[in-house]
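Asker: Quick note, the sequences are listed as chains Y and B, same order.
Count the first sequence with the working numbering and you get residues 19 to 338, in order.
Count the second sequence with the working numbering and you get residues 328 to 668, in order.
Source of the hints: derived by calculation from the structure; they are not laboratory data.
Some hints could be false.
Derived contacts from chain B toward chain Y, CB cut-off under 8 angstroms, selection only [as the list claims (entries may be wrong)]:
| # | residue |
| --- | --- |
| 1 | Glu-377 |
| 2 | Ser-378 |
| 3 | Ser-484 |
| 4 | Asp-514 |
| 5 | Ala-519 |
| 6 | Asn-523 |
| 7 | Leu-543 |
| 8 | Ser-544 |
| 9 | Val-545 |
| 10 | Glu-547 |
| 11 | His-548 |
| 12 | Ile-589 |
| 13 | Glu-603 |
Derived, one-sided and incomplete: chain B residues facing chain Y with beta-carbon distance under 8 angstroms [said to hold, decoys possible]:
| # | residue |
| --- | --- |
| 14 | Gly-486 |
| 15 | Val-515 |
| 16 | Ser-516 |
| 17 | Ile-517 |
| 18 | Gln-520 |
| 19 | Leu-522 |
| 20 | His-541 |
| 21 | Ala-581 |
| 22 | Leu-582 |
| 23 | Ser-585 |
| 24 | Ile-586 |
| 25 | Pro-587 |
| 26 | Val-588 |
| 27 | Leu-600 |
Beta carbons: idealized from backbone N, C-alpha and C, even for Gly.
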Amino acid sequence: MKAVVQVKDLETTFFLKSGPFKAVNKISYNINKGETLGIVGESGCGKSVTAFSLMRLIDRPGQITNGEFKLDDENIFDLSETQMENVRGGKIAMIFQEPMTALNPVLTIGYQMDEQIKKHLKYTKKDSRDRAIEMLQLVGIPSAKERYESYPHHLSGGMRQRAMIAMALSCNPQFLIADEPTTALDVTIQAQILELFQSLQEKMNMTVQFITHDLGVISEVSDKVMVMYGGHACETGNTQDIINSPRHPYTAALIESRPRMGHRQTRLKTIAGSVPAPHELPKGCPFANRCPNVLAECWNVKPSLQTNNSTRAFACFNPL
Amino acid sequence: MSNIILQANALKKYFPIKKGFFMREVGQVKAVEDVDLVIYRGETLGLVGESGCGKSTLGRSLIRLYEPTSGSIQFDGEDFLNLKGEHLRKKRRDFQMIFQDPYASLDTRMTVGQIVEQPFKIHGLLSKTERELRVKQLLELVGLKASHVNRYPHEFSGGQRQRISIARAISLNPKLIICDEPVSALDVSIQAQVLNLLKDLQDQLKLTYLFISHDLSVIEHTCDRIAVMYLGRIVEIGTREELFKNPRHPYTRALMSSIPVIGQGKKKMHKILSGEIPSPINPPSGCAFHPRCSFKIKECSEIIPQLRLAHTSSVSAFDSKSKNHLKACHVNLDTHLKEIL
Chain Y
19 MKAVVQVKDL ETTFFLKSGP FKAVNKISYN INKGETLGIV GESGCGKSVT
69 AFSLMRLIDR PGQITNGEFK LDDENIFDLS ETQMENVRGG KIAMIFQEPM
119 TALNPVLTIG YQMDEQIKKH LKYTKKDSRD RAIEMLQLVG IPSAKERYES
169 YPHHLSGGMR QRAMIAMALS CNPQFLIADE PTTALDVTIQ AQILELFQSL
219 QEKMNMTVQF ITHDLGVISE VSDKVMVMYG GHACETGNTQ DIINSPRHPY
269 TAALIESRPR MGHRQTRLKT IAGSVPAPHE LPKGCPFANR CPNVLAECWN
319 VKPSLQTNNS TRAFACFNPL
Chain B
328 MSNIILQANA LKKYFPIKKG FFMREVGQVK AVEDVDLVIY RGETLGLVGE
378 SGCGKSTLGR SLIRLYEPTS GSIQFDGEDF LNLKGEHLRK KRRDFQMIFQ
428 DPYASLDTRM TVGQIVEQPF KIHGLLSKTE RELRVKQLLE LVGLKASHVN
478 RYPHEFSGGQ RQRISIARAI SLNPKLIICD EPVSALDVSI QAQVLNLLKD
528 LQDQLKLTYL FISHDLSVIE HTCDRIAVMY LGRIVEIGTR EELFKNPRHP
578 YTRALMSSIP VIGQGKKKMH KILSGEIPSP INPPSGCAFH PRCSFKIKEC
628 SEIIPQLRLA HTSSVSAFDS KSKNHLKACH VNLDTHLKEI L
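Using the sequences plus the hints, can you model the full thing?
Answerer: Dropping the structure here:
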């Protein structure tokens, strides 16, 4: 199968007063057509910056300093800003974590959807209205015609997130980036949205990059996983393999530190310390100062992603 | 000493909705509605539910951070709602609260030492040197360093800040601590550290916790007994084993099946719960859950179900002071489950 999304050596640097800091450090991955890649990690690990980099939405002081991103063999980073405007919302769509801040509060849902459909699909006013209402129905919003006229604050959190999904999918994107789409929602609503997401993905055979900090969500929606820590990819592979037999100590610790339903223990395994500040990251492996399996070389040499077969890779000198 | 630390009966908390220039009262948000609750000494009672179900309001009403609208609360055998002035202030030493957001619950302009020392000052306990010594002990107890006393909250990470608020909460040797989503704002790897710390402190200091959370896996890990709330009412309560093995309320079942589970693989989720939580301003008639319930029968929209023993079909009396498994539902789930299977 051919990879639709090819990201190679992506590097995004923020030039801060305290010095440059690489929020995303040489990350490479491919996603095949119709597949979901889950990116998981704690706050500040660079998972959202990766997504914003692909959309070329990084603002100063940040800058994409290296790497390439090919979508269907088209190099997105080579496009001009005008060409990029046609890609955003068209070929590549994004769903954000907080629908209340991502939607414009003073424009109706319908207006915001029309704007996009008219630009990318070149529909007439009437056709784009029909398309928008059709999409709102598709994502399960009741009385879609009335909701088309509503403002974002008229909708509940779950409905707003559905509207966001409808908006993102309205121009038949080839590639969808979902950045923590269910984190702000209650569990019962989360279950509804995840189910909707899966059924739509199957229907439209979409390629998805799904970002979350919740391993439970990842294991239910994604085919492959990339675990990130301190701007680096530390492990990639099939979801089942990673969850069942993690090789990188960070992945293992992340899985074990989460209470699991039906596997109750008296004490949780913990990861010592906390995520270091960007300028405090160790010179070698970013996880060295918290790792239980740390070796002398970990402090000085950065481990690169070691591939032992085509599907599994991890960056560690002393794997489990 | 009785083994019950706190007992609430028919507790209600309504918030007025005011509108217009004269701020006339136009309605009420029924945040907590007829709650009966017993907390036993030394246990961790979990309170779980979706956002807006009234779990935080209940927690705050129990310790009179919100003045309850009606009902009664017995704290340590005393009628707590009728305490006034000096008596009330003294009583307040016995319970403390840990808040969700460690960035909002600590005064940014006070040093850690001043924050943890504050409870002693307010209650006029210990001399200055004793206080300083005690603050250092407390910081070490929660896994911080005694040398941190002169630092400010912004110098600490989220997990460490939550440790500071825990130090403040345990400073006066309280009997009951209300933990309102204490780990929700923290990263996964830090959550585990804080949960372990809370457990250790409970063992050392013989604390009782009311643990409020929306996260059932955290609740299952920490709690001995669990109460499930929906729209201001407790719909099911029981010990951890009973509730998780054999949930008797359709809402509890739906809540459990909604949780993404690590390692079950990519799966088709079962659609159990549709719709959203209704408004507490104008709750549905009868059982508040009936518009979303797939097992509903005729009574559900007419009669408000009361808490009763979960395993009998008849409405039988129960001892409100025992740890029975109770549910508030008209439907006998057994017959329905057979149909599904």
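Asker: Given Ser-378 (chain B) was flagged as interface, is its beta-carbon under 8 angstroms from a beta-carbon of chain Y?
Answerer: holds (6 angstroms)
Asker: Identify whether the interface hint at Asp-514 (chain B) stands, where standing means a beta carbon of chain Y within less than 8 angstroms of its own.
Answerer: With Cβ-Cβ at 4 angstroms, under 8 angstroms, it holds.
Asker: Hold the hint about Pro-587 (chain B) up to the distance rule: shortest CB distance to chain Y must be less than 8 angstroms.
Answerer: holds (3 angstroms)
Asker: Close enough to count: is the Cβ of Ala-519 (chain B) nearer than 8 angstroms to one in chain Y?
Answerer: Since chain Y brings a Cβ to about 4 angstroms from Ala-519 (chain B), closer than 8 angstroms, the hint holds.
Asker: Does the closest beta carbon of chain Y sit nearer than 8 angstroms to the beta carbon of Ser-544 (chain B)?
Answerer: Since the shortest Cβ distance to chain Y is 5 angstroms, the answer is holds.
Asker: With a cut-off of 8 angstroms on the beta carbons, see whether His-548 (chain B) makes it to chain Y.
Answerer: holds (4 angstroms)
Asker: Double-check Ser-585 (chain B) for me: the hint is only fine if its C-beta lies closer than 8 angstroms to a C-beta in chain Y.
Answerer: Where the cut-off is 8 angstroms and the nearest Cβ of chain Y is about 4 angstroms from Ser-585 (chain B), the hint holds.
Asker: Answer holds if the nearest beta-carbon of chain Y is closer than 8 angstroms to that of Ile-517 (chain B); otherwise answer violated.
Answerer: holds (6 angstroms)
Asker: Would you check whether Ser-516 (chain B) satisfies its interface hint, that is, whether its CB is within less than 8 angstroms of any CB in chain Y?
Answerer: holds (4 angstroms)
Asker: Per the CB criterion, is Ala-581 (chain B) less than 8 angstroms away from chain Y?
Answerer: Since chain Y brings a Cβ to about 6 angstroms from Ala-581 (chain B), closer than 8 angstroms, the hint holds.
Asker: Holds or violated: is there a CB of chain Y closer than 8 angstroms to the CB of Gly-486 (chain B)?
Answerer: holds (6 angstroms)
Asker: Grab the minimum C-beta distance from Glu-377 (chain B) to chain Y and call the hint holds if it beats 8 angstroms, violated otherwise.
Answerer: Holds, because the Cβ-Cβ distance from Glu-377 (chain B) to chain Y comes to roughly 4 angstroms (cut-off 8 angstroms).
Every hint from the earlier list agrees with this structure, and none is contradicted.
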